[in-house]
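Novice: Okay, here's what each chain looks like letter by letter:
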Amino acid sequence: MAMTMHVDIVSAEAEIFSGPAHMVFAPGVMGELGIMPRHAPLLTRLKPGEVRVRTPEGEEEFFYVSGGVLEIQPHSITILSDTAQRAKDLDEAAALEAKHHAEQRLQDQVSEFDYAQAQTELAEAMAQLQAIQKLRKKLGR
Amino acid sequence: MAVGKEIRTKIKSVKNTQKITRAMEMVAASKMRKAQDRMGAARPYAEKIRNVIGHLAHAHPEYKHPYLQEREVKKGVGFIIISSDRGLCGGLNANMFKATVRAMREWNDKGVKIDLCTIGAKANAFFKRLGGNVIAQASHLGDTPQVADLIGVVKVMLDAYDAGQIDRLFLVYNEFVNTMTQRPHVEQLLPIHGVEDPQLKHHWDYLYEPDAKDVLDGLLMRYIESLVYQGVVENLSCEQAARMVAMKSASDNAGNLIGDLQLAYNKARQAAITQELSEIVAGAAAV
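Which chain is which? The protein sequence lines are A and B, in order. All the letters of the first sequence, read from the start, carry residue numbers 1 to 141 under this note's numbering. All the letters of the second sequence, read from the start, carry residue numbers 1001 to 1287 under this note's numbering.
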């Protein structure tokens, strides 16, 4: 009886695969990895590519990952798959965009600021009206 | 007979409002179920990545990542605040802002600078009015938030941490206890601490490919992102649950109001009829 190890493939938004396997192939940044049970602990990043899992039934399952992190323990493998396209400059661009948003919001103080203020004023007016109504009721109309 | 025309129009308008609140309640209920599913779907990733970080804390890496090292708060602290985009969800956002401001005041009293990152339109509007230093902002993530939408804002905060502008990073969001209860929750993201796994006590280290720094950078960044994502998804469940409860009580209140108005209307009508009758009787007696 050949040995198996437990494989988990997860992404931040969903669990993709979980089960035993004889062998796993994964696209590491330094080259394709073929992992069998009792592999030494290893941590690597993954390139976009295909992960193949050979199950004990002798079937092969294919998964596409757009990058991520692979952790190997002697009897378990964890693949943390990315859902988004990642690259240093892409991340940078996203960060810039977030900053830009914040700055822009500070500048256009009119639209949303006024809206929020108007809302608080409305809430205050409503509360006052309610108080008056309650008072009236108490005094017998 | 034009008795109580105003009351009748008022009843009609309250009824219309009630229809709307009832519809919103039902929409929120179905959205809440979906949001809870999403919360469940995000859990395995968070668990796995926490396991890996737990292993890392016990391994003895030749390289100590700054995110894993405690450091003194010298310059400032950062907060990532997650709120909803829309209102009409009871005191959900207000309670969370209160908790945040309380936490911020503690740091403010110590004389450190506070940088903010807001996710959600409500947080953005509130902290701008408060005059906070908002350095990154994301909103309108919709009902299906994606990690891709959060990469940017998280990176701004991580960069600030790397640059030494902030020495602590906190995450604030609403914790989903159950449908009736949501609790504001302030959690420390950086430096990472307290991920222990008692089973692995011996000394060992991973093999890193290509090298420890590169791998750990990627891993820890994803860890923080996953925590923020989890916060966003959980906050979304809270929002829908809170809206459902708020709309339910609004519908109930509208029902009470309609009852009261109906009573007033009936009384007025009866008074008018009585008056008319007595007028007729008086008229007949006079003849």
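Do not rely on the hints blindly, as some may be mistaken.
[Unchecked claim] Calculated cross-link-like contacts (lysine-lysine; reagent style DSSO-like; alpha-carbon spacing at most 30 Å):
| hint | chain 1 | residue 1 | chain 2 | residue 2 |
| --- | --- | --- | --- | --- |
| 1 | A | Lys99 | B | Lys1267 |
| 2 | B | Lys1075 | B | Lys1110 |
| 3 | A | Lys99 | B | Lys1248 |
| 4 | B | Lys1005 | A | Lys138 |
| 5 | A | Lys47 | B | Lys1128 |
| 6 | B | Lys1012 | A | Lys99 |
| 7 | B | Lys1034 | A | Lys134 |
| 8 | A | Lys134 | B | Lys1019 |
| 9 | A | Lys134 | B | Lys1010 |
| 10 | B | Lys1031 | B | Lys1074 |
| 11 | B | Lys1213 | B | Lys1010 |
| 12 | A | Lys138 | B | Lys1267 |
| 13 | B | Lys1110 | B | Lys1128 |
| 14 | B | Lys1005 | B | Lys1267 |
| 15 | B | Lys1075 | A | Lys134 |
| 16 | B | Lys1031 | B | Lys1015 |
| 17 | B | Lys1012 | B | Lys1267 |
| 18 | A | Lys134 | B | Lys1213 |
| 19 | A | Lys137 | B | Lys1019 |
| 20 | B | Lys1012 | B | Lys1034 |
| 21 | B | Lys1213 | B | Lys1064 |
| 22 | B | Lys1019 | A | Lys99 |
| 23 | B | Lys1012 | B | Lys1213 |
| 24 | B | Lys1113 | A | Lys138 |
| 25 | A | Lys137 | B | Lys1098 |
| 26 | B | Lys1074 | B | Lys1034 |
| 27 | B | Lys1267 | A | Lys137 |
| 28 | A | Lys137 | B | Lys1213 |
| 29 | B | Lys1098 | B | Lys1128 |
| 30 | B | Lys1128 | A | Lys138 |
| 31 | B | Lys1213 | B | Lys1019 |
| 32 | A | Lys99 | B | Lys1098 |
| 33 | B | Lys1075 | A | Lys99 |
| 34 | A | Lys138 | B | Lys1031 |
| 35 | B | Lys1213 | A | Lys47 |
| 36 | A | Lys137 | B | Lys1015 |
| 37 | B | Lys1098 | B | Lys1075 |
| 38 | B | Lys1075 | B | Lys1031 |
Derived by calculation from the structure, the hints in this document are not laboratory data. These numbers were taken from a predicted model, which means no experiment stands behind them.
Novice: Hints first: check each against the structure and report whether it holds.
Specialist: Hints and how they fare:
no.: 1; hint: A:Lys99 to B:Lys1267; in the structure: violated (62 Å)
no.: 2; hint: B:Lys1075 to B:Lys1110; in the structure: holds (11 Å)
no.: 3; hint: A:Lys99 to B:Lys1248; in the structure: violated (38 Å)
no.: 4; hint: B:Lys1005 to A:Lys138; in the structure: holds (25 Å)
no.: 5; hint: A:Lys47 to B:Lys1128; in the structure: violated (40 Å)
no.: 6; hint: B:Lys1012 to A:Lys99; in the structure: violated (48 Å)
no.: 7; hint: B:Lys1034 to A:Lys134; in the structure: violated (40 Å)
no.: 8; hint: A:Lys134 to B:Lys1019; in the structure: holds (25 Å)
no.: 9; hint: A:Lys134 to B:Lys1010; in the structure: holds (18 Å)
no.: 10; hint: B:Lys1031 to B:Lys1074; in the structure: violated (43 Å)
no.: 11; hint: B:Lys1213 to B:Lys1010; in the structure: violated (68 Å)
no.: 12; hint: A:Lys138 to B:Lys1267; in the structure: holds (19 Å)
no.: 13; hint: B:Lys1110 to B:Lys1128; in the structure: holds (22 Å)
no.: 14; hint: B:Lys1005 to B:Lys1267; in the structure: holds (13 Å)
no.: 15; hint: B:Lys1075 to A:Lys134; in the structure: violated (51 Å)
no.: 16; hint: B:Lys1031 to B:Lys1015; in the structure: holds (24 Å)
no.: 17; hint: B:Lys1012 to B:Lys1267; in the structure: holds (18 Å)
no.: 18; hint: A:Lys134 to B:Lys1213; in the structure: violated (66 Å)
no.: 19; hint: A:Lys137 to B:Lys1019; in the structure: holds (27 Å)
no.: 20; hint: B:Lys1012 to B:Lys1034; in the structure: violated (34 Å)
no.: 21; hint: B:Lys1213 to B:Lys1064; in the structure: holds (8 Å)
no.: 22; hint: B:Lys1019 to A:Lys99; in the structure: violated (41 Å)
no.: 23; hint: B:Lys1012 to B:Lys1213; in the structure: violated (67 Å)
no.: 24; hint: B:Lys1113 to A:Lys138; in the structure: violated (50 Å)
no.: 25; hint: A:Lys137 to B:Lys1098; in the structure: violated (33 Å)
no.: 26; hint: B:Lys1074 to B:Lys1034; in the structure: violated (43 Å)
no.: 27; hint: B:Lys1267 to A:Lys137; in the structure: holds (16 Å)
no.: 28; hint: A:Lys137 to B:Lys1213; in the structure: violated (71 Å)
no.: 29; hint: B:Lys1098 to B:Lys1128; in the structure: holds (15 Å)
no.: 30; hint: B:Lys1128 to A:Lys138; in the structure: violated (40 Å)
no.: 31; hint: B:Lys1213 to B:Lys1019; in the structure: violated (58 Å)
no.: 32; hint: A:Lys99 to B:Lys1098; in the structure: holds (25 Å)
no.: 33; hint: B:Lys1075 to A:Lys99; in the structure: holds (20 Å)
no.: 34; hint: A:Lys138 to B:Lys1031; in the structure: violated (41 Å)
no.: 35; hint: B:Lys1213 to A:Lys47; in the structure: holds (17 Å)
no.: 36; hint: A:Lys137 to B:Lys1015; in the structure: holds (22 Å)
no.: 37; hint: B:Lys1098 to B:Lys1075; in the structure: holds (24 Å)
no.: 38; hint: B:Lys1075 to B:Lys1031; in the structure: violated (42 Å)
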